[in-house]
Amino acid sequence: MRLSEYFLPTLKEDPAEAQIVSHRLMLRAGLVRQASAGIYSWLPMGLRVLRKVEQIVREEQDRAGAQELLMPTIQSAELWQESGRYDGYGKEMLRIIDRHDREMLYGPTNEELITDIFRQTIRSYKDLSKILYHIQWKFRDEVRPRFGVMRGREFLMKDAYSFDVDYEGARNSYNRMFVSYLRTFARMGLQAIPMQADTGPIGGDLSHEFIILADTGESEVFCHKDYLEFDALSEETDYRSDLSPVVDKWTSLYAATDEKHDPEKAAELGDKLISARGIEVGHIFYFGTKYSKAMGATVTGADGEELVPEMGSYGIGVSRLVGAIIEAYHDEDGIVWPDDVAPFTVGVINLRTGDQDCDAACESTVSKLEAAGIDVLYDDRDERAGAKFATMDLIGLPWQIIIGPRGLKNGLVELKRRSTGEREELSAESALSKLIR
RNA sequence: CGGGGUGUAGCGCAGCCUGGUAGCGCAUCUGCUUUGGGAGCAGAGGGCCGGGAGUUCAAAUCUCUCCACCCCGACCA
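For what it's worth, this note's numbering labels the leading residue of the first sequence as 1, then goes sequentially.
Read the hints as simulated data drawn from the structure, not as lab findings.
Hints are supplied without guarantee of correctness; some may be wrong.
What the hints assert, rightly or not - 25 Å max Cα-Cα, derived DSS-like pairs, lysine-lysine: (1) K260 <-> K293; (2) K249 <-> K225; (3) K293 <-> K265; (4) K272 <-> K225; (5) K126 <-> K260; (6) K225 <-> K290.
Stated by the list, open to error - Across the chosen pairs, the derived CB separations fall in these ranges: (7) R95 <-> L233: 39 to 45 Å; (8) D262 <-> P15: 55 to 61 Å; (9) E236 <-> D141: 39 to 45 Å; (10) A372 <-> L269: 45 to 51 Å; (11) R99 <-> D262: 27 to 33 Å; (12) K434 <-> L233: 18 to 24 Å; (13) R95 <-> E236: 44 to 50 Å; (14) R406 <-> L269: 34 to 40 Å; (15) P245 <-> A294: 30 to 36 Å.
For each residue, glycine too, the CB sits at the ideal point set by N, CA and C.
Given only the sequences and the hints, what does the whole structure look like? Please build it.
Put into structure tokens, the structure is as follows:
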């Protein structure tokens, strides 16, 4: 992609409305534009990142045995009346009246809808267990949206729902999602720490929030230092095996949000205790038969008796993650994308657009990278070197290949790693061979 | 939902107190010079001063009202 043709409206100055760093950078780097309070348009580069994040989530859901479907954004109020949440959900639910005066709503979550699908179709215990998920826009009419996409009213969320014949099965589904979340966030370069969360009226220990540490996190969290050393990707996961050892390992150390914080227990950790701010990027919980019972979603059990399935639900804030990743990966010059979510892998900077040698060297480099299947953004604009450096650092592509007349005289280009700032001068061929594996 | 604040060019802001021809920086366009970390000079374009109603000879400025957005808190993926 040529930058001269790309739709990338960057800003040199900080927009006044953005307070936290991820919001500022998302606006400055031309990823999003606010449409109204808590509602954003995703511009081409932002959309690329969103899609990458979404795809990682999808792959890890699939790997864990969940199956993707797609439910609508607009739902009928009837289902919610059935579950009893229509009145209970309050003003956060955006309610809509259609032309026939029917009450509709923009879905804030999908337990009712998935339960409805389930009860229409699943008849036998033999069809369980099932985990179904979708990645869809949600709307929650927050009183006070803020922090850009981190706490918008409209947001993209992956929500999965599990159905099992008994508690043991539900626990197994829970564990699958638990482990898949560890892998999902790790692939994005995030160290997410599972923290025990409020389980509401159900009780038990089957609810966890996945928190990443960041200075601008919205809540205070406490955890054992050793969590930072845990590596979710170090071993291959077999989702058909018993996952409880993995879950046990990740829940063995102290980790709590401020509402679950126990100062006495935390004090035992001594200097191993970390007190920090955290961003919630995922939340999983088991809720038993709450919806299946209320909505009459039953199957026939092995003994011929009617059986009420045990359910759980599992959310990941996909659009929020884009902001969260920036919170974790930026410096004073801009965003520093982790490799796996970067909108482009390499940025090629032509320091002298119009110079025959520079143009030729750049174009040859770009086309070789593209031929190798690497996403390249080529800055061919007629701008000064400084402006190009600044733009490239701002948008945070993991690699930069800098090509100018000075180096070309000696047959050299420059390869820069955005995350470390490390640069080396080398031939175009060796630069390419470092990027093309 | 309580408290506070801001709306003036695409972005960042001044002007408002004390009413009198709407300004600055960046960005945009043109020309020349420049060319390895957001260039210099010269010129140009761009505004229902958030909307409505009032006061006044005269309103960006004063009054009332509505709207939008932001911040702090309570709440939340």
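Tested hints:
no.	hint	in the structure
1	K260 <-> K293	violated, 29 Å
2	K249 <-> K225	holds, 14 Å
3	K293 <-> K265	violated, 38 Å
4	K272 <-> K225	holds, 5 Å
5	K126 <-> K260	violated, 38 Å
6	K225 <-> K290	violated, 37 Å
7	R95 <-> L233: 39 to 45 Å	holds, 43 Å
8	D262 <-> P15: 55 to 61 Å	violated, 41 Å
9	E236 <-> D141: 39 to 45 Å	holds, 43 Å
10	A372 <-> L269: 45 to 51 Å	holds, 48 Å
11	R99 <-> D262: 27 to 33 Å	violated, 54 Å
12	K434 <-> L233: 18 to 24 Å	holds, 23 Å
13	R95 <-> E236: 44 to 50 Å	holds, 47 Å
14	R406 <-> L269: 34 to 40 Å	violated, 54 Å
15	P245 <-> A294: 30 to 36 Å	holds, 35 Å
Violation of the numbered hints given earlier is confined to hints 1, 3, 5, 6, 8, 11, 14; the remaining hints are satisfied by the structure.
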